[in-house]
Amino acid sequence: MDQIEKIRTSSATDSASSDSEILPRESVFSLSGYTNLSEALKFIASEATPEYALFVDIPLKWGQRILERLEKDDGKIFGRKYRYTWNSHERTLRLSMPSPIHEAVTSWYIDMMLRWVSNGSITIAEAEEIEPLSNTPFTMPAFPYQQSTKIPDVAVTPDDGQSLPSFVIEVGWTEPMTALQADMELLLRGSEGLIQRGLVIKWYLQRRTGTVRGTACLWALDAYGRLTKQQEEWASGAQPHSRPVVAGVFGRDA
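Residue numbers (my numbering): 5 to 258.
Note that these hints are calculated values from the structure, not bench results. Each hint should be verified, as a subset may be incorrect.
[Claimed, not checked] Result set (DSS-like, lysine-lysine): computed pairs, CA atoms no more than 25 Å apart in a straight line:
#1 K76 with K46
#2 K85 with K65
#3 K65 with K76
#4 K65 with K46
#5 K46 with K85
I would like the entire structure built from these sequences, with the hints used as guidance.
So this is what it looks like as structure tokens:
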């Protein structure tokens, strides 16, 4: 498959990062030379790393079929259980392997719910309505992301019969911030407004000190449907606010 373009590029450096940080490298692979789905699947499996990979130039008709294979894989092709993002608008597939860093956010969210109940910020009944889900794929209904499918790290679906979550959390370690922001664009715009807020938690390794710091960004759509950063906080060891920001979590604006 000498027509396949294999590209390895440095991840885009976002405005929050600096030269003192170790930024991950993103592996980008094109499927433009493939005409056979079976061969393309083997190529994806061979290049998908335990951390992060992006596949581009995927025929639109292959998107959902690749996801079906990822879901049903018996270990003969992929050998790992990836979280994926299929972007039908860009015709890209991103694969990431959940790590303890990704999984820890679920425990953190549950711990915060317990604190909110304890300090009276929410009731027990409200806490039961916003229990987190993980490893659950959601397919978007709205243009230009219709039929795009993503597995968020954490999804909060209100107990009101809504098919899509109202609040999502994405965690980045090897994933570049540009990819995490693209996730918010896909989820919030593609859900026709059902997903009202998205929280991105991005971790960075400091080159000089070997320590880790992180930033948490809250995203929403503005009145014109544009992705907007509503709030950003850097991890500093400060105590959590006594009153949480829960707007959008219950499927309604608080």
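Ascending list of hint numbers which this structure does not respect: none
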